[in-house]
Amino acid sequence: MIKGILYINAKRFVVYIFMTFLAILAIIPVYIMIINATRSTMEINAGISLLPGKHLLSNWKFLTRFDVPFYKGFFNSVIISLGSTVLAVYFNSMTAYGLHVYAFKGRRVLWSIILIVMMLPGSLSFIGFYQFMARLKLLDSYIPLIVPSISMATMVLFLRQYMSSVISQDIIDAARVDGAGEFYIFNRIILFLLKPALAAQAIFTFVASWNNFFTPFLLLTSMKKYTLPMFVVLLRGDIYKTELGGIYLGIAFSIVPIMIFYAFMSRYILSGVTMGSLKE
Numbered sequence: 001m002i003k004g005i006l007y008i009n010a011k012r013f014v015v016y017i018f019m020t021f022l023a024i025l026a027i028i029p030v031y032i033m034i035i036n037a038t039r040s041t042m043e044i045n046a047g048i049s050l051l052p053g054k055h056l057l058s059n060w061k062f063l064t065r066f067d068v069p070f071y072k073g074f075f076n077s078v079i080i081s082l083g084s085t086v087l088a089v090y091f092n093s094m095t096a097y098g099l100h101v102y103a104f105k106g107r108r109v110l111w112s113i114i115l116i117v118m119m120l121p122g123s124l125s126f127i128g129f130y131q132f133m134a135r136l137k138l139l140d141s142y143i144p145l146i147v148p149s150i151s152m153a154t155m156v157l158f159l160r161q162y163m164s165s166v167i168s169q170d171i172i173d174a175a176r177v178d179g180a181g182e183f184y185i186f187n188r189i190i191l192f193l194l195k196p197a198l199a200a201q202a203i204f205t206f207v208a209s210w211n212n213f214f215t216p217f218l219l220l221t222s223m224k225k226y227t228l229p230m231f232v233v234l235l236r237g238d239i240y241k242t243e244l245g246g247i248y249l250g251i252a253f254s255i256v257p258i259m260i261f262y263a264f265m266s267r268y269i270l271s272g273v274t275m276g277s278l279k280e
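For reference, each letter of the sequence shown is one residue, going 1 to 280 in the working numbering.
Some hints could be false.
As the list claims (entries may be wrong) - List of simulated lysine-lysine pairs, DSSO-like, C-alpha gap at most 27 Å:
no., residue 1, residue 2
1, K54, K72
2, K72, K11
3, K224, K137
4, K195, K61
5, K11, K137
6, K61, K72
7, K195, K72
8, K224, K61
In short, the hints are calculated from the structure, not lab data.
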């Protein structure tokens with residue numbers, strides 16, 4: 001009995017040590033990045049330091065040297081990322097719900113098309129997408145960066161598979177018997193049951209949209225509409241005049257919204273896991 005308890009405690013101690021080690025490995029790069037954001041280029045080239053420097057203000061001045069303020073890119077990225085995340089989560093969950101609940105002709109064909117589209121690389125259709133946006137005169141606009149998120153094959157696949165495990169047809173039939181309409185059922189019942197899955201997909205979509213550089217770089221021409229990753233690339237400047245401190249500060253500035261969004265949405269994932277563990 002005592003040996004069994006000691007063995008369990010020892011095993012738990014080893015697991016805690018290992019998880020602590022992994023946490024430290026994950027935190028160290030972020031900590032060094034924050035420290036480098038307060039140091040000058042010469043100090044950064046001199047080597048790694050665990051103590052902050054005294055050049056935070058000068059690095060911030062380097063960030064704001066453009067005609068268009070650096071924080072303008074921050075707000076542009078917020079608009080694009082939040083807009084694409086909201087549209088992606090709502091409309092892709094609606095598509096997955098329709099494929100899961102309604103038995104209509106061509107459902108299997110449509111599902112096969114979605115799976116095929118999911119396997120195709122996104123860059124394969126980008127030339128056609130660019131030409132299509134040019135004909136619609138939507139270049140240098142946020143519309144091509146936000147609206148296409150309503151059709152994401154990977155999200156539809158994930159949400160439909162999740163619905164298969166948590167949504168029973170009896171719940172929908174009971175709501176219909178009570179007089180609830182289809183949109184009421186989806187907006188008030190289904191979305192509530194999908195909270196953990198929607199939170200996970202919202203995190204992935206927000207991070208992907210926030211870090212997206214290639215698509216905005218090709219579609220946007222006005223500097224006042226640049227996203228934050230585009231401004232960070234502009235910080236590199238000339239190869240002989242790279243201000244590493246300013247670049248580190250820009251990168252540190254760009255990951256703050258991701259951390260905030262993740263902290264806000266992760267609680268829904270945890271609450272969903274807890275609710276699922278208590279379900280009889």
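Going through the hints against the structure:
1. K54 to K72: Distance of about 25 Å is within 27 Å: holds.
2. K72 to K11: Not OK: K72 and K11 at ~51 Å, beyond 27 Å, violated.
3. K224 to K137: Distance ~18 Å between K224 and K137 Cα, so the pair holds.
4. K195 to K61: Violated, at about 42 Å.
5. K11 to K137: Answer violated: K11 to K137 is near 63 Å, above 27 Å.
6. K61 to K72: Measuring from Cα to Cα gives roughly 15 Å; hence the hint holds.
7. K195 to K72: Outside the cut-off at roughly 32 Å; violated.
8. K224 to K61: 18 Å, holds
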